[in-house]
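Turn these sequences into a full structure, and let the hints guide you.
Respectively, the protein sequence lines represent chains B and U.
Everything in the first sequence is counted per the working numbering, starting at 1 for the first residue and increasing by one.
Everything in the second sequence is counted per the working numbering, starting at 1 for the first residue and increasing by one.
What the hints contain is simulated information worked out from the structure, not anything from laboratory work.
Keep in mind the model is a prediction, meaning the values are calculated, not measured.
Among the clues, some could well be false.
It does not matter which identical chain is meant; a pair holds if it fits inside one copy or across any two.
Cross-link-like lysine to any residue pairs, in silico, SDA-like; alpha carbons within 25 Å at most [what the hints assert, rightly or not]:
hint, residue 1, residue 2
1, Lys451, Gly170
2, Lys53, Gly525
3, Lys120, Ala19
4, Lys53, Glu527
5, Lys53, Leu526
6, Lys391, Met255
7, Lys541, Ser124
There are 2 protein chains.
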Amino acid sequence: MLRLSTLFVRTLREDPSDAEVASHRLLVRAGYIRRSAAGVYTWLPLGLKVLRKVEQIVREEQDAIGGQEVLFSALQPREPYEATGRWEEYGPTLFRLQDRREDDYLLAPTHEEMFTLTVKDLYSSYKDLPAMLYQIQTKFRDEARPRAGLLRTREFIMKDAYSFDVDDAGLDASYEKQRLAYQRTFERLGLPTVICQADAGAMGGSRSEEFLHPTEVGEDTFVVSDGGYAANVEAVTTLPPEALDEAAIAALPAMHLEDTPGASTIAKLTDLSNEAFPGKGRVAEDGQWTRHEMLKHLVYLLTHPDGTTEPLVIALPGDREVDPKRLEAAVAPAIATAFTDEDFAAHPVLKKGFIGPEGLGLEAPSGIRYLVDPRVVPGTSWVAGAGEKDKHAYDLVYGRDFTSDGTIEAAEVRDGDPAPDGSGPLRLTRGMEMGHIFQLGRKYAEALGLKVLDENGKSVVVTMGSYGIGVTRAVAAIAELNHDEKGLVWPRQLAPADVHIVATGKDAAVFEEAERVAAELEARGLEVLYDDRPKVSPGVKFKDAELLGVPTSLVIGRGLAEGTVEVRDRASGTIREVSPAEVVGAVLAEVRGA
Amino acid sequence: MLRLSTLFVRTLREDPSDAEVASHRLLVRAGYIRRSAAGVYTWLPLGLKVLRKVEQIVREEQDAIGGQEVLFSALQPREPYEATGRWEEYGPTLFRLQDRREDDYLLAPTHEEMFTLTVKDLYSSYKDLPAMLYQIQTKFRDEARPRAGLLRTREFIMKDAYSFDVDDAGLDASYEKQRLAYQRTFERLGLPTVICQADAGAMGGSRSEEFLHPTEVGEDTFVVSDGGYAANVEAVTTLPPEALDEAAIAALPAMHLEDTPGASTIAKLTDLSNEAFPGKGRVAEDGQWTRHEMLKHLVYLLTHPDGTTEPLVIALPGDREVDPKRLEAAVAPAIATAFTDEDFAAHPVLKKGFIGPEGLGLEAPSGIRYLVDPRVVPGTSWVAGAGEKDKHAYDLVYGRDFTSDGTIEAAEVRDGDPAPDGSGPLRLTRGMEMGHIFQLGRKYAEALGLKVLDENGKSVVVTMGSYGIGVTRAVAAIAELNHDEKGLVWPRQLAPADVHIVATGKDAAVFEEAERVAAELEARGLEVLYDDRPKVSPGVKFKDAELLGVPTSLVIGRGLAEGTVEVRDRASGTIREVSPAEVVGAVLAEVRGA
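In structure tokens form, the structure reads like this:
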């Protein structure tokens, strides 16, 4: 039994000054967690109880699909992470340290390398596979901006699972099992999630999906359509307009150069076009020039993992901005930074403000990579910089007047953009990544030499999947979803106790009855939180009960003399009176849903 | 059910080359653990099951004394550890690291500081106390010599508890509760322990006891007497001989100087004394000079925590060596290093090989600290260096001819030395530290400002205890204690499964029967490990069963056709035959001890 007179908890009436979101504010105020450093938290007794219940649900669903639990160390040597390239690639997010012999170690952000090596150590035949291994373990990531309490921390608990199969069909089956396990896990946690296509990125895997929980406090943006399409913004592909055929292109007005003094931005260029060439716009019905038909050129410096750099020009419709996250995903593992004045000085062929495509004859072949937005298809007509100051090209047709080195998905996705699968307009939604399932393929097995003998005695590289759930973050998301202005409102399966008994007043009979009921409920298998504090006012006790958020509370007080106690439902706020004789049955019925 | 056909395990017939002790050898060979770096291990599924059972016993006994479980982060900021001095004092054993802002962090070796700060955050009144908090958490220590598998690792799981009381009587009560909880814990783990007085050392606490498990592979030496005295060697106090009174001292032969050419060691001095002054020894009945009466003088350089140094002269009977661990404990927090030739050169008053006490008139008052072994009491008579080359003083009586700045417990403890409490001769024993309970007192609370208001509204510093159990090490100790030449022999309460079912041969009826029995035992609440591997020989299966060490195994094989299966007891090796109809009852009786 948890007695509030001795429980290690202190509720706060004031919000902590650094709390941005409700879950952070309330978990601290209700005494579930305390901050110990930036992005590092302590779990107090009530918080730990919720955490363990979340862990247990995650564990049971992993066990249900044949997952086998193991436990790896956080401290890992550099070498395997060096072999897969992650020692470098992880950048400043990796906590690195040295031991007393000055050997390099890291605190593992995930454990692909070590699982791979351990399977290599234990297994050698196709008969040993498939294998599904997982751990629920403490991870470390030196986040640039830890935020929002438990939503983004630098030390956190994660369930990470890894599958090992001899072939792609096996990987597909393992992946599907985890996908179903994730759906069941989040359902049991009471966390609605949308399964979004995720960008497989530099990891080189084939299939990758995120389980995003839609919430305003989420850090991720994803898109959904009414027809069922869902994707991470990084993974959204653009539905291109139809291209024109050669004959249709030939019939378009010819390209011509015009003087455009000072029109070094899309806004200025659009205004100048409307002044100088009114009614000649190609898109709007009234002939107004629109930003959409101005082809915006942006220049980045790409830094490759080996340290080499090169410029990259991206062309996109003038009414779109580049989405930094989509750009990052599109160029990974390289890193793109905006061209600086010095970069422009080093590449005089790029005339800032008047950059245009190659092949106009305006510039010599530059060797510079030039990628266009997928909306730039053959037959689309644009206004673009002519490669010299104060001059632009009009009626510049892609596929006739210029071409590119390929397309890039870097432009922002907007509400109303069409879903790539034709399932209707997209809606942008904020969400929080709760889980990620990912076909890693053979990247890690190849780097670390994990092979088994197949049925024919031939050595084959094992194919892997990785599957993560943020356990710490799940607690925050659950608190975020289940609260009101008075405090937390835990779902029954995750509450730190089944019932919160409040004894009020100074009457010894009240406390005796509360003890009796508490003991009996506990004997029936319920977890009881009992507010037995002798000199605390009923008002404070009720406020604490609301803040702590146990789903059912039982108030034993003045009414006892008249033969009634109150059963309160935290979520609905309803109160009903029952007699002391009925109370145990009534609470059991509430808790067990009878 | 754990099926060996899919369980993530691989047994090895060969010992790992780096294994020094049985627990390490067998836990690796049986597939319970794997090494991932020096002193860092991975828990495979069977190992994790044992670990969790040990944890749960530790947890239940902490809960039983009102301990409240919390969970702190491993990553901790430097500042609080700086405030208590441990950032420096911990030396190279502390894993230190920096985050991306170059702020200093550490991986906590224990959490005194953070518990103190959290109690300070939550509590403010004597009414909040006593409080007993604990966690079962991953600790990091950069051990100079990780060894013996799980016995000394650099990342390990520890239960650390801390008590908070308003006064010394409260601390005594909290300490006593933990002491009893530890006795129950180790009893449930099946680990005999001796409660040894430990040196409170630099921590400044008052009472400190270690729970040492006697074992040959232990790293600690402790002493016990038949009368019940037990202490860590660092904590043993010397039973001094009786001192003489002034009159008796005055009656002793007068001190005299003698030439002792070349007698710069105790051995040479003893030989020379026997040659030059035969029959004049004061201790042996036959008048032989003994090493015991030669007063050995050793010189050390003490380095204090603030970096200052000073020489220290220690005088002890010539038949004793200094025990480096006792010396270390005696001078802590200073560090003693043996005087080098340069040090001697810097202190010409100290004549190497002929050093004697001050106050003989042989030396001017030197200001050098001079401590004697507790056996040097008033009225004891010695031969000692006269402070000049090739000269010694004979019949040098302590309390008449020389004195000291105090005593020091630095001499080695020997088998047969008397226990300080008069409980008989001491026996030296090897042991492994399984737990440590410790009255910290007010050191941490003072350094970090943890005070509460007492009954009179006065602010008082809280007094603390700390209580640790090495959970990882307990698994190793249990394995070390419970094995034979064939493998592990788990006690029932800690075994990874209750019963190991072995199906042998190729007969489908055997496997069907094994499945049926496994399912039924599982339905009765037993944890079943089932060797369902179809093409593995009975010999290999039996060997694996012995290596894995489940206490009861059940062999279903050829005998089935004649109506018998075998119930085997791992510890005793006994085999008895039962009929398939009886088998479930028989196994239940074995497991539940009916």
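Intra/inter-copy verdict for Lys53 and Glu527 if alpha-carbon distance must be at most 25 Å:
both (13 Å within a copy, 22 Å between copies)
Is it within, between, both or neither when you check Lys541 against Ser124 at 25 Å Cα-Cα?
Result: close only across copies, 19 Å inter versus 61 Å intra.
Alpha-carbon proximity between Lys53 and Gly525, which holds within one copy, between copies, both or neither at 25 Å:
both (16 Å within a copy, 22 Å between copies)
Same-copy or cross-copy closeness of Lys53 to Leu526 [CA-CA at most 25 Å]
Close inside one copy (14 Å) and across copies (23 Å); limit 25 Å.
Since the copies are identical, ignore which copy is meant and state whether Lys391 and Met255 lie within 25 Å (CA to CA) inside a copy, between copies, both or neither.
Only inside one copy: Lys391 and Met255 sit 13 Å apart there, 113 Å across copies, limit 25 Å.
Have a look at Lys120 and Ala19 and pick one of within, between, both or neither, based on CA distance no larger than 25 Å.
between (45 Å within a copy, 21 Å between copies)
Classify it for me, Lys451 with Gly170: is the Cα-Cα distance of at most 25 Å met within a copy, between copies, both or neither?
within (15 Å within a copy, 61 Å between copies)
Against the hints set out earlier in the document, no violation occurs for any number.
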